[in-house]
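Participant: Listed here are the chains, written in short residue letters.
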Amino acid sequence: MRRLEGLAKLTGAERFIDDEPFEGLWGMTVRSPFPRGRVRELRFSDSIDWSEFTVVTHEDIPGANAVYLMELDQPVLAGEYVRHVHEAVALVAHPSRAMAREAIAGIEIIVDPDEPVYDYRVTPDQSQVQYGEDNILKRLLIDKGDVEAALAQADHIVEGVYETGAQEHVYLENQGMIARVEDGVVVVRGSMQCPYYVVNALKHALGRAEHEVRVIQAPTGGGFGGKEDYPSIIALHTALLTLKAGGAPVKMIYDRSEDMAATTKRHPSRVRHRTGLDAEGRLVAQHIEVVMDGGAYVTLSPVVLSRGIIHAAGPYACDNVRIEGRAVLTNAVPFGAFRGFGAPQTHFANERHMDVVAKQIGMDPVELRRVNLIREGQTTATGQVITGGADRVGLMDRALELAQFNEKRREHDSFNVANQYLRRGVGLATFHHGAGFTGSGEVYLASRLLVEGLEDGRVEVLTASTEMGQGMLTIFTDIASQALGLEPGDIVLRDPDTSRAPNSGPTVASRTAMVVGRLVEKACEAMRARLGVDKHTRGEELKRAIVEWRRQHPDERLVGESQYEQPPNVNWDDETYQGDAYATFSWGAYVAEVEVDLRTFNTRVLDFVAVQEVGRVLNETLARGQVQGGVVQGIGWALLEEMRTRDGAMINNQLTNYIIPTSDDVPSIRVEFQEEPYEFGGGGAKGLGELPMDGPAPAIANAVAAALNVDPKVIPLTSERLMELMETVATS
Amino acid sequence: MTVLMPESLDEACAMLAEGIAKNGEAPTPIAGATDLFVEWPLHADAHSRSYLDMSGATELRAASIEDDAVHLGALTTYWDVVVNHPLVAEFPLLLEAARQVGSVQIQTRGTWAGNIANASPAADGVPVLMAYDATVVVQSEARGRRAIPLDQFYLGYKKTQLAPDELIVDISLPRGLRSVEIFEKVGTRRAQAIAKVGLAITHSEAGWRVVAASMAPVVTRCAHVEHMLEEQKIVKTPQDFLNAIEADVSPIDDVRSNARYRKTVMSRLLYHDLKARCAWIE
Ligand SMILES: Cc1cc2nc3c(=O)[nH]c(=O)nc-3n(C[C@H](O)[C@H](O)[C@H](O)COP(=O)(O)OP(=O)(O)OC[C@H]3O[C@@H](n4cnc5c(N)ncnc54)[C@H](O)[C@@H]3O)c2cc1C
Numbered sequence: 001m002r003r004l005e006g007l008a009k010l011t012g013a014e015r016f017i018d019d020e021p022f023e024g025l026w027g028m029t030v031r032s033p034f035p036r037g038r039v040r041e042l043r044f045s046d047s048i049d050w051s052e053f054t055v056v057t058h059e060d061i062p063g064a065n066a067v068y069l070m071e072l073d074q075p076v077l078a079g080e081y082v083r084h085v086h087e088a089v090a091l092v093a094h095p096s097r098a099m100a101r102e103a104i105a106g107i108e109i110i111v112d113p114d115e116p117v118y119d120y121r122v123t124p125d126q127s128q129v130q131y132g133e134d135n136i137l138k139r140l141l142i143d144k145g146d147v148e149a150a151l152a153q154a155d156h157i158v159e160g161v162y163e164t165g166a167q168e169h170v171y172l173e174n175q176g177m178i179a180r181v182e183d184g185v186v187v188v189r190g191s192m193q194c195p196y197y198v199v200n201a202l203k204h205a206l207g208r209a210e211h212e213v214r215v216i217q218a219p220t221g222g223g224f225g226g227k228e229d230y231p232s233i234i235a236l237h238t239a240l241l242t243l244k245a246g247g248a249p250v251k252m253i254y255d256r257s258e259d260m261a262a263t264t265k266r267h268p269s270r271v272r273h274r275t276g277l278d279a280e281g282r283l284v285a286q287h288i289e290v291v292m293d294g295g296a297y298v299t300l301s302p303v304v305l306s307r308g309i310i311h312a313a314g315p316y317a318c319d320n321v322r323i324e325g326r327a328v329l330t331n332a333v334p335f336g337a338f339r340g341f342g343a344p345q346t347h348f349a350n351e352r353h354m355d356v357v358a359k360q361i362g363m364d365p366v367e368l369r370r371v372n373l374i375r376e377g378q379t380t381a382t383g384q385v386i387t388g389g390a391d392r393v394g395l396m397d398r399a400l401e402l403a404q405f406n407e408k409r410r411e412h413d414s415f416n417v418a419n420q421y422l423r424r425g426v427g428l429a430t431f432h433h434g435a436g437f438t439g440s441g442e443v444y445l446a447s448r449l450l451v452e453g454l455e456d457g458r459v460e461v462l463t464a465s466t467e468m469g470q471g472m473l474t475i476f477t478d479i480a481s482q483a484l485g486l487e488p489g490d491i492v493l494r495d496p497d498t499s500r501a502p503n504s505g506p507t508v509a510s511r512t513a514m515v516v517g518r519l520v521e522k523a524c525e526a527m528r529a530r531l532g533v534d535k536h537t538r539g540e541e542l543k544r545a546i547v548e549w550r551r552q553h554p555d556e557r558l559v560g561e562s563q564y565e566q567p568p569n570v571n572w573d574d575e576t577y578q579g580d581a582y583a584t585f586s587w588g589a590y591v592a593e594v595e596v597d598l599r600t601f602n603t604r605v606l607d608f609v610a611v612q613e614v615g616r617v618l619n620e621t622l623a624r625g626q627v628q629g630g631v632v633q634g635i636g637w638a639l640l641e642e643m644r645t646r647d648g649a650m651i652n653n654q655l656t657n658y659i660i661p662t663s664d665d666v667p668s669i670r671v672e673f674q675e676e677p678y679e680f681g682g683g684g685a686k687g688l689g690e691l692p693m694d695g696p697a698p699a700i701a702n703a704v705a706a707a708l709n710v711d712p713k714v715i716p717l718t719s720e721r722l723m724e725l726m727e728t729v730a731t732s
Numbered sequence: 001m002t003v004l005m006p007e008s009l010d011e012a013c014a015m016l017a018e019g020i021a022k023n024g025e026a027p028t029p030i031a032g033a034t035d036l037f038v039e040w041p042l043h044a045d046a047h048s049r050s051y052l053d054m055s056g057a058t059e060l061r062a063a064s065i066e067d068d069a070v071h072l073g074a075l076t077t078y079w080d081v082v083v084n085h086p087l088v089a090e091f092p093l094l095l096e097a098a099r100q101v102g103s104v105q106i107q108t109r110g111t112w113a114g115n116i117a118n119a120s121p122a123a124d125g126v127p128v129l130m131a132y133d134a135t136v137v138v139q140s141e142a143r144g145r146r147a148i149p150l151d152q153f154y155l156g157y158k159k160t161q162l163a164p165d166e167l168i169v170d171i172s173l174p175r176g177l178r179s180v181e182i183f184e185k186v187g188t189r190r191a192q193a194i195a196k197v198g199l200a201i202t203h204s205e206a207g208w209r210v211v212a213a214s215m216a217p218v219v220t221r222c223a224h225v226e227h228m229l230e231e232q233k234i235v236k237t238p239q240d241f242l243n244a245i246e247a248d249v250s251p252i253d254d255v256r257s258n259a260r261y262r263k264t265v266m267s268r269l270l271y272h273d274l275k276a277r278c279a280w281i282e
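Chains as they are written, first to last, in the numbering used here: chain A, 1 to 732; chain B, 1 to 282.
It is worth saying that the hints were derived from the structure and are not from the lab.
Hints are not guaranteed to be accurate.
[Stated by the list, open to error] So, partial list: chain B residues that the calculated Cβ filter (under 8 Å) puts toward chain A:
1. Gln152
2. Ala191
3. Val255
4. Arg268
5. His272
6. Leu274
Ideal Cβ positions, reconstructed from N, Cα and C, are used throughout, including at glycine.
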């Protein structure tokens, strides 16, 4: 099936929130220039006639001054205290955008500064402690077997420390929202991934009941996790302004520099590995410590850390695993959700470490993986028994074959001797990604979805799942049309609107096709049951039945409802962190070929092979697009994208200086799927969206290691960083 | 905002003079506007200025090949050069540099003269022009025309010899045989990038020209490096260039790169690129 909204996006007909005709007030945010301190005063400049402006401070918040998320520590607007640069302190609105922009410069924030903390890797001084006793936002532990005993007996012990940097989402459409009051209801429309997160945030801070707020997702130009939690903040800001302005529409659109400076990034991480192996290269112990920079508030860091540590031991079998995780507060702009959600960080460390291990024990990195890749019936670090899914070794062998891995290695050996300053190498990464919410997450979410038969026989799918470029509209339409035997044109999907659509959970965690797609199927069945027909009633016959039913029940809705049910035999213990962390995993094996120019230390990816198993592939074109996009994002994270900071805030917050790959930096990306339908996923699908973010960075870094015989342990591996690495190697 | 639209070069120069006389400030010339409009959203003062759209001065558009020199009129774009085959056959670095500027959209709007006048230390057009011994011809109503060698055009960061009432009208490049022509742009990525290190090298009867970009407050010739090459001083490793580089340029640490990287890379480019062409580089 063709992507439904593709033509509208291609032709520019699609209307994003900033394209809406708008009359009302423009909102702007007054932000803290200080990283930490007590707010003494807001000074309003005398040269501005403030009676023309709507001004909101924390005193105008009707409910609790907290952004509703895991903890309630993040204020909607900082009142007495600021904890990071760019933290929102006040809001201003005016019919003229330029005037609003000028006005925010007319508000001075007076702060008594306190000692900030920026480095999440070092123990804070007492004066820097701002959370608990040690700034640790979350501590997690996975403990399997007896690591120390196993290490004591190991033939080899290999250690390594790996670090990854922050990453900006660079969704093409900046954050934006319009709020107004309609018949006493606060209506917010804008760019977002999770309409019900916004509902919850509005209820909490505005002190309103669910029916007093309404959230509508506008067509959204990319999210990647950057529109998971942050839109709640802009929604609250526009809502506060509209309430103060008597219900007049208020629009906030961040420009690129504000968006990059003030919104979330991928968590920086440091991962330490201590690995024991037997004489054959079998993993006997993995001791892993994961530390992540959480930034100034808790936000989603505990769950990012959780996913990070669960993936930290990689797709390998090992009887003794101890993984300690910490998310640490710093006075940086809070880090947040980003495609992969902690797993790319720990996969980078683990897959890079596998190559370091192989080199140290004198084993081929491919063979090291072959020996250790998890087999049917073996268990992960959390003791989850792996059953079903593609054969991991087969997946790896296919990737090696497609990439001509061994031939390339031989070619490179002679190329590297013959060439004056170009060096080539290939690198491999094998990895997995758990689909859906971690542990009992999906059970708590208890997602719901409705399917409704319309008067004309068409069928509407009512869901809070959002389209943000990833293909939800197309996939759900396809699933519903196949379930009911209807033409895609007979399936209706409108912008998610919380006044109509039930809470299908957030559009995150690679869960939409697998988890919510399954709800579409079940709701279609439920609607058939309501109609009193069985699954053989399809297509035109079904349409006629719908029309007839509606005629006979003029005052009733013909709806089928579904709610999430956990697949059988999935058990998770949140206390011990043991059990089935995810209902299922997707699996991947990626190979990168690189060329390094020793004149400039620039690394260029020459070729890329991505082989994966993601259950059944629902739409080949979209699925390829997801993989290719993920690989490109991975290339950026591995080689180019470096957040530069001052006082914990980004200073290269422009696309000129925050360097993402262009098409010229991207090689041919050969994508292959091995299909293994997953019984409990929509259309047989498993999660796909995040998996492609996990493999590229370690595959690329491993290729650089092979090309230069050095061991890069920090990404982004910019040219400057590679130069330094080469110099340290040369002098040691 | 006011935009003045002269219909000839002379009228344009007159409007500059008039602006100074009337408002104490000349209108800002617009060629391709690819530099001017980048900062537009961020700088409120740019909105209230008055501008001079040069597109009506059609006599500045042409590029021509004469007996002893080629001329790029001030409105010549990168793309005009890319498609001018005889020109780029003789001055191949113009093509190389042009294709490295931004994207095709920028190449079809951006002008060589705008690149010169904008005076960015990271410019890509300026180094190759300088390595080809370009002369900049400027014109004002009051003083007529004068010619300034490009390697003397810059006075300091974003400071040039151009007076407020002057326009660049022509860039001329002497013709002649060259034995070495090299252009290197080390960007933050492969395309759409600002140079971290730029290098243009030529060798002809006139001698060596080594021009560095992003290595100093202005695009600059590297006299000490040129001297090393003139003297055919034996070079055994890239580091052997470092003293001369230190003497010629003063790169900085900034948001894009750092000084040490810039110097190291310049030395490595010089070494590896010249090694194949110069027997004394071992
Ligand atoms: C996306 C993008 C990518 C870019 N990439 C590159 C790149 O890779 N390399 C690079 O070097 N540059 C790059 N640039 C910068 C720019 O395109 C070049 O510097 C270009 O040559 C400027 O020419 P213009 O005609 O557009 O200048 P304009 O913007 O019109 O003018 C630039 C300045 O020169 C003055 N000026 C112009 N013409 C004259 C004249 N005849 N006499 C006196 N003053 C004059 C103007 O008043 C202004 O101050 C990029 C710009 C953008 C927007």
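Participant: If a hint holds in the structure, say so; if it does not, say that too.
Facilitator: Do the hints match the structure? See the list:
1. Gln152: Result: violated, 30 Å to nearest chain A Cβ.
2. Ala191: Holds, about 4 Å.
3. Val255: Where the cut-off is 8 Å and the nearest Cβ of chain A is about 5 Å from B/Val255, the hint holds.
4. Arg268: Where the cut-off is 8 Å and the nearest Cβ of chain A is about 4 Å from B/Arg268, the hint holds.
5. His272: 5 Å, holds
6. Leu274: Since chain A brings no Cβ nearer than about 11 Å to B/Leu274, farther than 8 Å, the hint is violated.
The structure fails to meet hints 1 and 6 from the earlier list, while all remaining hints are met.
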